[in-house]
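*Asks:* Generate coordinates for the entire structure from the input sequences, incorporating the hints supplied.
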Amino acid sequence: MIVLIHDLQGDQAERLVAGYGKDTVVVSDDGSIKHCLGCFGCWTKEPGACIIKDKYSSMGSLLGACRELHIVSECVYGGCSPFIKNVLDRSISYVHPDFRMREGKTHHRLRYDRPFQIYAWFYGEALTENEQKTARELLVANSINMGCPVAEVHFLEDVAGLEVTV
Amino acid sequence: MVEKIALVNGSPKGEKSASRAILSLISQSLPEEQYALSYFSLKTPQVDSDIAEQILEHSILLIAFPLYVDGVPSHMLRWLMELERTSRAAEGEKPVVYALINCGFYEAEQNRVVLEILRNWCAKSNFRWGQGMAIGAGGVIGGLQHVPLGKWPLRRLGQAMGVMGESIRGTETAPDIFVSPDFPRIAYKLVAEFGWRRSIRRNGLKLRDLHRRVPWAQNLP
Numbered sequence: 001m002i003v004l005i006h007d008l009q010g011d012q013a014e015r016l017v018a019g020y021g022k023d024t025v026v027v028s029d030d031g032s033i034k035h036c037l038g039c040f041g042c043w044t045k046e047p048g049a050c051i052i053k054d055k056y057s058s059m060g061s062l063l064g065a066c067r068e069l070h071i072v073s074e075c076v077y078g079g080c081s082p083f084i085k086n087v088l089d090r091s092i093s094y095v096h097p098d099f100r101m102r103e104g105k106t107h108h109r110l111r112y113d114r115p116f117q118i119y120a121w122f123y124g125e126a127l128t129e130n131e132q133k134t135a136r137e138l139l140v141a142n143s144i145n146m147g148c149p150v151a152e153v154h155f156l157e158d159v160a161g162l163e164v165t166v
Numbered sequence: 001m002v003e004k005i006a007l008v009n010g011s012p013k014g015e016k017s018a019s020r021a022i023l024s025l026i027s028q029s030l031p032e033e034q035y036a037l038s039y040f041s042l043k044t045p046q047v048d049s050d051i052a053e054q055i056l057e058h059s060i061l062l063i064a065f066p067l068y069v070d071g072v073p074s075h076m077l078r079w080l081m082e083l084e085r086t087s088r089a090a091e092g093e094k095p096v097v098y099a100l101i102n103c104g105f106y107e108a109e110q111n112r113v114v115l116e117i118l119r120n121w122c123a124k125s126n127f128r129w130g131q132g133m134a135i136g137a138g139g140v141i142g143g144l145q146h147v148p149l150g151k152w153p154l155r156r157l158g159q160a161m162g163v164m165g166e167s168i169r170g171t172e173t174a175p176d177i178f179v180s181p182d183f184p185r186i187a188y189k190l191v192a193e194f195g196w197r198r199s200i201r202r203n204g205l206k207l208r209d210l211h212r213r214v215p216w217a218q219n220l221p
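So the sequence lines, in the order shown, correspond to chains E and F. Read left to right, the first sequence gives residues 1 to 166 (the numbering used here). Read left to right, the second sequence gives residues 1 to 221 (the numbering used here).
No wet-lab data here; the hints were simulated from the structure. Hints are not guaranteed to be accurate.
Residues from chain F that face chain E, not an exhaustive set, calculated with beta carbons under 8 Å [to be verified]:
1. P12
2. T44
3. P66
4. E116
5. I117
6. A187
7. K189
8. E193
9. W196
10. K206
11. H211
Keeping only pairs whose Cα atoms sit at most 35 Å apart, straight-line, the calculated DSBU-like set for lysine-lysine is [stated by the list, open to error]:
12. K22/E - K55/E
13. K34/E - K4/F
14. K16/F - K34/E
None of the values given here were measured: they were computed from a predicted structure. Cβ atoms here follow ideal geometry from the backbone N, Cα and C, with glycine treated the same way.
*Replies:* Below is the structure:
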């Protein structure tokens, strides 16, 4: 299964999603997502699921079931857009609260056995070299924390030029 | 002349957060007779342009928040974007930004990328970057408010606060400071993992529930 998390709206969203097959779960912004409260309920009250009950409470188990994570995000200061970041913040039940050493630093133990591959498309006008460098570093940090390799990272001036065919 | 400083807490936990405690600690370096401190708690994603304008009336911003997934918590990112919009729409003097970021990981270096994100935000917003402080094992700080700054286990944090306090008083741009905990990594790991087990029992669950793997069931938009 592929999980596509994107922040596009309208025709742009439709064009993007049209390139994906039935084996894809699309996580998009309908304006209803709630923000992470840092309560750690997803580790100690309902381990593996976010206790904030909205459409995004199962992100951890969704990532645990996928083989590829596709992120299409506006690049904001070298990071993801608020919606994409919100989804990722609400996904930490994917990992276990205990610590393990990876690449010489403490990271969270993995809750699921099967790692997924990360594909990212960052878009935005006049992205600076620093922002692109930061975004690459961010994905490396994410990949170590989630125990998942980064397969591809792309930067686009105009999201209209984005075509993904899976 | 009294300098106006905004203490900006970007933790969703507000008053109960480590970020609040960290802002209180850095305030100790800023004497009342020289600095007027205003506190802003940005706990939700509902941005308010009036509050953004009030924040930008200060010549120095001290921003504290916890590291979320290697970056800025999403609600705080919305506030950073609002502050950028407000700054671009206004003329006049722009503030100097000092950031104090804490993470739940032991190593302060794990905050390195988020400090880069904040530098990029400053560049886009025409703010001057002052200095960043990256704090490892930040979650313990909220529970140590009875410990005087500079005494174990706030010894290294006390030294770092002293260095940043000096930078703020001189409104200087200075290299980032990475604050490792005063205790060994293994001790932090053991205490943290004991804490998760105590929490899960208090919540009426069994220890094995900590390792639960949840099958995915479709309920997304």
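*Asks:* Now, for every hint given, state plainly whether the structure supports it.
*Replies:* Evaluation of the provided hints:
1. P12: Holds, because the Cβ-Cβ distance from P12/F to chain E comes to roughly 5 Å (cut-off 8 Å).
2. T44: Cβ of T44/F sits 7 Å from chain E, so the hint holds.
3. P66: 6 Å, holds
4. E116: With Cβ-Cβ at 4 Å, under 8 Å, it holds.
5. I117: Given a least distance of 5 Å, the restraint on I117/F holds.
6. A187: 12 Å, violated
7. K189: 5 Å, holds
8. E193: 5 Å, holds
9. W196: 5 Å, holds
10. K206: 10 Å, violated
11. H211: With a minimum Cβ separation of about 7 Å from chain E (threshold 8 Å), the hint on H211/F holds.
12. K22/E - K55/E: The given pair, whose Cα atoms are some 20 Å apart, holds under the 35 Å limit.
13. K34/E - K4/F: It holds: about 33 Å lies between the C-alpha atoms, which stays within 35 Å.
14. K16/F - K34/E: 20 Å, holds
Taken one by one, the earlier hints fail for this structure at numbers 6 and 10, listed in ascending order.
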